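Number of protein chains: 6
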Amino acid sequence: MALSDLTVADCWAYRPDLTVPEDLHAFWERTLGAAPAAAATYEPVDTGLTQIRTFSVTVPGFGGEPVHGWLHLPATATGPLACVVEYLGYGRGRGLPHEKLFWASAGFAHLIMDTRGQGWSAAPGSTADAHRYPAGTVPGFLTRGVTSPEDFYYRRLITDAVRFAQAAQEHPAVDPDRVVVTGISQGGGLSLAVAALFPGVAAVMPDVPFLCDFPRAVRVATEGPYGEVAEYLALHRDQSGEVFRTLSYVDAAVLAPGATAPALFSVAMMDRICPPSTCFAAYHRYGGDKDVRVYEFNDHEGGEAHQQLEQLAWLHKLFGR
Amino acid sequence: MALSDLTVADCWAYRPDLTVPEDLHAFWERTLGAAPAAAATYEPVDTGLTQIRTFSVTVPGFGGEPVHGWLHLPATATGPLACVVEYLGYGRGRGLPHEKLFWASAGFAHLIMDTRGQGWSAAPGSTADAHRYPAGTVPGFLTRGVTSPEDFYYRRLITDAVRFAQAAQEHPAVDPDRVVVTGISQGGGLSLAVAALFPGVAAVMPDVPFLCDFPRAVRVATEGPYGEVAEYLALHRDQSGEVFRTLSYVDAAVLAPGATAPALFSVAMMDRICPPSTCFAAYHRYGGDKDVRVYEFNDHEGGEAHQQLEQLAWLHKLFGR
Amino acid sequence: MALSDLTVADCWAYRPDLTVPEDLHAFWERTLGAAPAAAATYEPVDTGLTQIRTFSVTVPGFGGEPVHGWLHLPATATGPLACVVEYLGYGRGRGLPHEKLFWASAGFAHLIMDTRGQGWSAAPGSTADAHRYPAGTVPGFLTRGVTSPEDFYYRRLITDAVRFAQAAQEHPAVDPDRVVVTGISQGGGLSLAVAALFPGVAAVMPDVPFLCDFPRAVRVATEGPYGEVAEYLALHRDQSGEVFRTLSYVDAAVLAPGATAPALFSVAMMDRICPPSTCFAAYHRYGGDKDVRVYEFNDHEGGEAHQQLEQLAWLHKLFGR
Amino acid sequence: MALSDLTVADCWAYRPDLTVPEDLHAFWERTLGAAPAAAATYEPVDTGLTQIRTFSVTVPGFGGEPVHGWLHLPATATGPLACVVEYLGYGRGRGLPHEKLFWASAGFAHLIMDTRGQGWSAAPGSTADAHRYPAGTVPGFLTRGVTSPEDFYYRRLITDAVRFAQAAQEHPAVDPDRVVVTGISQGGGLSLAVAALFPGVAAVMPDVPFLCDFPRAVRVATEGPYGEVAEYLALHRDQSGEVFRTLSYVDAAVLAPGATAPALFSVAMMDRICPPSTCFAAYHRYGGDKDVRVYEFNDHEGGEAHQQLEQLAWLHKLFGR
Amino acid sequence: MALSDLTVADCWAYRPDLTVPEDLHAFWERTLGAAPAAAATYEPVDTGLTQIRTFSVTVPGFGGEPVHGWLHLPATATGPLACVVEYLGYGRGRGLPHEKLFWASAGFAHLIMDTRGQGWSAAPGSTADAHRYPAGTVPGFLTRGVTSPEDFYYRRLITDAVRFAQAAQEHPAVDPDRVVVTGISQGGGLSLAVAALFPGVAAVMPDVPFLCDFPRAVRVATEGPYGEVAEYLALHRDQSGEVFRTLSYVDAAVLAPGATAPALFSVAMMDRICPPSTCFAAYHRYGGDKDVRVYEFNDHEGGEAHQQLEQLAWLHKLFGR
Amino acid sequence: MALSDLTVADCWAYRPDLTVPEDLHAFWERTLGAAPAAAATYEPVDTGLTQIRTFSVTVPGFGGEPVHGWLHLPATATGPLACVVEYLGYGRGRGLPHEKLFWASAGFAHLIMDTRGQGWSAAPGSTADAHRYPAGTVPGFLTRGVTSPEDFYYRRLITDAVRFAQAAQEHPAVDPDRVVVTGISQGGGLSLAVAALFPGVAAVMPDVPFLCDFPRAVRVATEGPYGEVAEYLALHRDQSGEVFRTLSYVDAAVLAPGATAPALFSVAMMDRICPPSTCFAAYHRYGGDKDVRVYEFNDHEGGEAHQQLEQLAWLHKLFGR
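Residue numbers (the UniProt record's numbering), protein chains in the order written: chain A, 1 to 321; chain B, 1 to 321; chain C, 1 to 321; chain D, 1 to 321; chain E, 1 to 321; chain F, 1 to 321.
No wet-lab data here; the hints were simulated from the structure.
Small disclaimer: the values here were computed from a predicted structure and weren't measured.
Glycine is no exception: its CB is placed at the ideal position from the N, C-alpha and C atoms.
Some hints here could point you the wrong way.
[Said to hold, decoys possible] Keeping only pairs whose Cα atoms sit at most 16 Å apart, straight-line, the calculated EDC-like set for lysine to aspartate or glutamate is: (1) C:Lys317 with C:Asp177; (2) D:Lys100 with B:Asp238; (3) E:Lys100 with F:Glu99; (4) F:Lys100 with E:Asp23; (5) F:Lys100 with E:Glu304; (6) B:Lys100 with D:Glu150; (7) A:Lys100 with C:Glu99; (8) B:Lys100 with D:Glu304; (9) C:Lys100 with A:Glu99.
[What the hints assert, rightly or not] Listed next, with one range per pair, are the computed distances between beta-carbon atoms: (10) A:Ala13 with C:Pro172: 53 to 61 Å; (11) E:Val8 with F:Gly79: 50 to 58 Å; (12) E:Leu32 with D:Gly287: 54 to 62 Å; (13) E:Ser148 with D:Thr78: 43 to 51 Å; (14) A:Ala313 with F:Arg132: 27 to 35 Å; (15) D:Glu223 with B:Asp46: 34 to 42 Å; (16) F:Gly79 with E:Leu32: 30 to 38 Å.
[Claimed, not checked] Short, incomplete list of chain C residues facing chain B, as computed with Cβ under 10 Å: (17) Met1; (18) Leu3; (19) Thr7; (20) Phe55; (21) Thr58; (22) Ala268; (23) Met269; (24) Met270; (25) Asp289; (26) Arg293; (27) Tyr295; (28) Asn298; (29) Gly303; (30) Gln307; (31) Gln308.
Hey, can you work out the whole structure from these sequences and the hints?
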């Protein structure tokens, strides 16, 4: 394992000149503007766990389509809870209901969003993404509709993510002033997008975020899904203009200046999947108060359980324990 | 490069006990029974070529959905022509119109079918596969709807393939008694399925066919798309029964006994993607006259240009040159 | 991913002829016979969790040396609890105290044993293995003292594992008749050894167990730590007799006939690290009631969260929920 | 896939200081000066194709030795034709006569040169290179005689290439003012050398050219035959001076200033075999009018069929369609 | 590292049915029959060593062509010495004169034969192989002239090897009754061939011999030069008959029954380059007294320094120390 | 193979700003200050060699612990000899006594130090390192005690190395004014450390030295043991300060300014294990007269036998032949 991107010093100095689409705000206002078709629903699930109560969640996402998830509550909770809304890494679905127990064990409400259409690696999912998309999509999601911002998969997924944050705020067990969004990799990129598009969040904790600074990421990432874009453009040799234009609408580094909530980032310097320079691009442009934990010798696994403790301490300080 | 499947001698002796669904015929009769919604259309294309005339083809495929392709005719052709219908390998689309010139240069009509939804590797395509499918599909096509024969991707693709063979037969420049189906890998599996389901074909030439003997292929292929099924079942640990049941409806080795046209197979003994034993499973069960060219030291590239000459000679003999 | 060991059918039929050292019982009686030097100690830890109480554990292990671990108790538990004693996979240490929350969340006491000297991958540890061992040890633990049963690392580690099961039985919050041992890979092999050497356990749940059928494992495993033995013997070409003799003292398949507690195994058919045949060798020889979950398309990850649910259901049935 | 050489911007700015041997012109004048020993011969071949007439070609190459090839003519051609002379990529031979049909199908004469001694990968050949060369050649051709410009393999191969361009000009079906040289990789390097050494060519179309800027290429190419030179120098540690001196006589970037015909280059930015900087070195130094198609997300496959269309359009424009 | 060929038990039982060319003896008699054109020459070399005297050797090999080598003599030797003639592994040349000091340090004359044309890996050489061979040779030596026994490279190399053994016998410092041939890999195959073709050798010590049982080796070796033959036949799909016929003339397992000198083999059970079954094929067929050291956990490195001691002890016993 | 670190020009200019611990001298004075507990012992060994006499050596090393080795003397030596003290590469032990014959064959005394605890790759050893070290050591030696200079493995190993140089000086057959230290990789790093810490050495010849410029090496080495440190810090995310502090006490580039003996370095520009920039860091800081052989196209094998001749010539010049 060795550095395959910029050094720490160069990352601190890296300020890419990203193209912001003129109609970025209009695009997202239009996309998010419609009122939800229906309310979120919560079905209790018998997980066999005694310390945590779990619900199968359905939130109307993009186009009002049902997006599933899990809600975990500490079994003994009373009064409104701070809520951690978690978005998942690329390939994962919401998995089995007993898999992610940290935040509820720590006394938080914990709302996990399934990722539409995904769920083939690490954990299965149960949310379809039944949208038409043209031939030639590279297997995966990065190029699903990538020639048009309207049709692009991540437009739908970011909308879902905003809806989950909104649903969290409206849940009776949750204190609406303490809704936090977080996630690792794709989940980190989504949480940044939500922070930019939904001012209601109290904090954001993106870990080794994906979906940042596409023009550089597609050229320097040596592993992982950014390569889908490179693979697509290797075959569709004349579409690079429209592809990068589409990507700019969902690029978390492009969206980041619009965010105001306090943020705790994490970045890994030997990350071959989400190169650290691209995470720093989002960090440097982030609009709110911010801090970052840098893991100098980690690949894309980043801070793992170590970072969970950093996040717990940071939230305890932010909210007062 | 070394053997990674059975030896030649063991392949000649290999006779797997494949499960044939009771309603196999009914399933395909029902699927193929509906009359086509519309006729095929042919638009001339300016390729810059002077010796070959090319048309962009649209054939109503499964559900009447438009499936594209190319038709090449020798520039100087007169009178009805023998026609080679070609299905493509996994990942390819129909590509650019000037890429496959052999059969038309040899005086044949040559009809190439785009593969719905594919076209991300080697050659782009232009045919969408706009069907709903559940979450959890492994990137690719092998598990798209794999828990139900009705919803499975290959039900649609095989239907498209039959429609192309029928369209060839109806084209005014083509002699309907000399329609041949062929293809490499996925194209080979499709040509076998067409031979089994559409008695109108005069001959079939499957090369290193994919889609054969799934129960073994999924367990022994060390490279390539059969692994998508294994990857799916690694996560969806309790679905193996229904998955293999679905696969049996499109398994070319299951369908092969129903074919009657003469066949020229090719098999490669060091094929890690379509293990030779699985190709031989289809060969042994094939219902018509048959012959096979065995390439002992080739991987999945098989016979390549060498096999083209074998095919040309075999067709010249079959049809009288 | 493909099979790299025997098929399922061949695994069910596989019965290796393993050499059992004549003095096996005497060896272990002597090793385990000494009374513990001191009692286990339990220090409460502030993990920030509210639903689970956690203690840092120290149990006098082999030679009375301090072996650390974690004890998790459900925050609201009253009355004696069934206790799951967990041993860890190769390379892991006990990690951070908030990492493994499943069993306590499900209402069990959960005792996790640190692995002496290990803790360099996935999770750090805090227990040293300060024993002399000769030059030439292949980096890792499989050949640490492997030329003598007395000096072999796994003699010490199995002793530690027995001590933890005993400590669990003695803890005031635990029902001594419901102490279960479990673990994945190395943890699975240790739990089998404990079941054979300590009759006090009520059940054993070994997942994809390591340390089974060394004579075959060392020759067929294509990945993972069994290769350390092959690497050692590649250099120390004349020591194969004494090495396999030493290994036979800690081979869980050799020890397995001595066990009587009911067992729930899991085995993965595409496991390249702990080949399924070697796990089945232990299963077939296991002395008590037994059942096995076979994951046909998984590598060494085995059943993961899916298997946790199988285990929870099996324990609920065994103990009455 | 990611960048492994310079960025596009850096490639546009890259101007290496290449050493030009003082006697470069004398060397090539002497080498090419002798009159051909005999005329090219053309034997008709029965390929089974009806739209294209094919001839097996023999041209007296270096030392008058017979070098084979194919000539394709459109079946219906009349009057003098523009002729595309194609040199092949490293490892290929001329292959079977029906493999490359594009240019003749487009109405051009198409002359393909076999590569002496090569023909072990992708396509077999039939031209021997029966020259003595010393022990220690790294398997392949890059170090065959590399310690002396006189004995070096590429001196012979470039001579063959010039002879084929001359033979094209003299063929009765060919318009001598419209002879174009082209090729991919090694073929691209050869076409550049021919353009520099034989003023009679009307145009040159080098794709992802090999044989360019050896001093850099040998140090930065991570895949492919440039590595043969590094491997040679790793063993023959004191020959680096004479080796790079020899290479400078055949380096297409060294020769390029001498060319005057219009040129259409292609370069791939993720090319690991022929690093883009080295192709740009030749481009920047090229003496004639020039243009370049840059494929930003392709490895050594470059523009493929896409580039064929670029070339056809460029030639139509150059020659008037 | 794991077994990739037969088990030890299966190797002991393996008896392939190898085709022996009818004219095998005539072929070799004709090849070796001619009297040497000239005598061997020995030039002293200043290596800087004080304990060993070294000579640069030239022996007239096949066709009387000069083949180089080294002769080492112990500095203090008097009286006729036992002589070890060593042939080298594939890719090596004779290297620098001070590289192989074991046998002379042990009091033997040590004659090392350079390998014509080789010397690009591990150690350079200085002997050319200036023979014509057709296009299409896979880089390397296994297919150089492989379509004809007369032209095949190994006909020349085996002849060289016999000439070196003869030269050893004639050297004044050597006891002609104690000439031993040995070598690793290719050197082992050559030493077997010499033992079969030159009755004058007193002993043969082949280590992990190459050039044995080609029909199996080409199909099962997963690494190394046997793959050149598979690669050749993958392209030249119709030459398998003549290729295996040619190989049978130089196959050490085919030649082995003709040998009578005592032999000490070594075989490595995890050898991926020279699969153990193919070495055992030669062992089982060997005509003289024989013994074998089996290294169960080694790849192609085999016994290394350990085997040197076995050889030294075996020779001391054979010759009386 | 390609450059993966700096170019030659950049290496010549590279001057890292290394942190020198304030108590560096005190640390080493204290460590080395104690008088040896006992004298070195020499047991004759029967290797079967006649030209070289060999002794099994035991030198009291760190803490007076026995460290083994070999001493080779030319069989005919008389009078005091120059002595080459050799330290070994990472993973090697002293091996069998007949493996390294060059220096004694050249008339030197040759003392080889076994490496405590190592000896699992390439050559076995016989010296244990029976020191306590905490859990979490990454398999290997780079992190054994790495959180404290007192406990760090390399403190002990460097002490051993100094003791061997001292023992050489005291041996009756050795001229104490001509003791040279050398070694490859780890052996090169050790020889630099000895040159810095023990002024008695007459010369030092470090080849592709390891243990140099840790802060850079740990971040840029793509292969080999420097990665152990990165792996350790990937898990122990908060220990980077103390780890690099410990490493600075044994960093050969930190120690190098203290050396005064003439030095002949070798560096390989494509070295992925000991990146050339890190070797040059030591070279540039080296305190004595110095020269360097740069191998531009070699990986970590460096100059091999070629460099041996350079060293022999350099010593002959230094000492007068």
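Here is what the structure says about each hint:
Distance hint between Lys317 of chain C and Asp177 of chain C is fulfilled; the C-alpha atoms sit about 15 Å from each other, no more than 16 Å. Between Lys100 of chain D and Asp238 of chain B the alpha-carbon distance is near 50 Å, which puts this suggested pair outside the 16 Å criterion. For a cut-off of 16 Å, the pair hint linking Lys100 of chain E to Glu99 of chain F stands: about 10 Å separates their Cα positions. Annotation: proposed proximity of Lys100 of chain F to Asp23 of chain E is violated, straight-line Cα distance about 47 Å (limit 16 Å).
Proximity of Lys100 of chain F to Glu304 of chain E is assessed by CA-CA distance (about 13 Å); at most 16 Å being required, the pair is judged to hold. Distance restraint check for Lys100 of chain B and Glu150 of chain D: the Cα-Cα separation of roughly 42 Å exceeds the 16 Å cut-off, and the hinted pair is therefore not satisfied. Restraint check: the Cα-Cα separation between Lys100 of chain A and Glu99 of chain C comes to about 10 Å, which is no more than 16 Å; the hinted pair holds. Of the pairs offered as hints, the one joining Lys100 of chain B and Glu304 of chain D holds, with about 13 Å between alpha carbons and a cut-off of 16 Å not exceeded.
At most 16 Å may separate the alpha-carbon atoms for a hinted pair to count; Lys100 of chain C and Glu99 of chain A meet this at roughly 10 Å. For Ala13 of chain A paired with Pro172 of chain C, a C-beta distance near 58 Å keeps the hint of 53 to 61 Å intact. For Val8 of chain E paired with Gly79 of chain F, a C-beta distance near 53 Å keeps the hint of 50 to 58 Å intact. Our hint of 54 to 62 Å for Leu32 of chain E and Gly287 of chain D holds, since their Cβ atoms are close to 58 Å apart.
Distance hint check: the CB atoms of Ser148 of chain E and Thr78 of chain D are about 46 Å apart, consistent with the given range 43 to 51 Å. Between Ala313 of chain A and Arg132 of chain F the CB atoms are about 33 Å apart, so this pair conforms to the stated range of 27 to 35 Å. The given range of 34 to 42 Å is respected by Glu223 of chain D and Asp46 of chain B, whose C-beta atoms sit roughly 38 Å from each other. As the Cβ distance of Gly79 of chain F to Leu32 of chain E is approximately 51 Å, the hint placing it in 30 to 38 Å is violated.
Taking 10 Å as the C-beta cut-off, the interface hint given for Met1 of chain C holds, the closest approach to chain B being about 5 Å. For Leu3 of chain C, the suggested interface contact is upheld, since its CB lies about 5 Å from the closest CB of chain B, less than 10 Å. Interface restraint check for Thr7 of chain C: the shortest CB-CB distance to chain B comes to about 8 Å, inside 10 Å, so the restraint holds. Checking Phe55 of chain C against chain B: minimum C-beta separation of about 34 Å lies over 10 Å; hint violated.
Contact between Thr58 of chain C and chain B, as hinted, is not supported at the beta carbon level, the nearest pair being about 38 Å apart and thus beyond 10 Å. Checking Ala268 of chain C against chain B by beta carbon gives a least distance of about 9 Å; that is within 10 Å, so the hint holds. Using the Cβ-Cβ criterion of 10 Å, the hint placing Met269 of chain C at the interface with chain B is satisfied: the shortest such distance is roughly 8 Å. Given the 10 Å rule on beta carbons, the hint for Met270 of chain C holds: about 7 Å separates it from the nearest Cβ of chain B.
Taking 10 Å as the C-beta cut-off, the interface hint given for Asp289 of chain C is violated, the closest approach to chain B being about 24 Å. Because the beta carbon of Arg293 of chain C sits about 9 Å from the nearest beta carbon in chain B, less than 10 Å, this interface hint is met. Checking Tyr295 of chain C against chain B: minimum C-beta separation of about 6 Å stays under 10 Å; hint holds. Taking 10 Å as the C-beta contact cut-off toward chain B, the hint placing Asn298 of chain C at the interface holds, the least distance being around 5 Å.
Because the closest C-beta pair between Gly303 of chain C and chain B is about 7 Å apart, less than 10 Å, the hint holds. Evaluation of the Gln307 of chain C hint against chain B yields a held restraint, the C-beta minimum of about 9 Å falling below 10 Å. Proximity of Gln308 of chain C to chain B is violated relative to the hint, the smallest CB-CB distance being about 12 Å (cut-off 10 Å).
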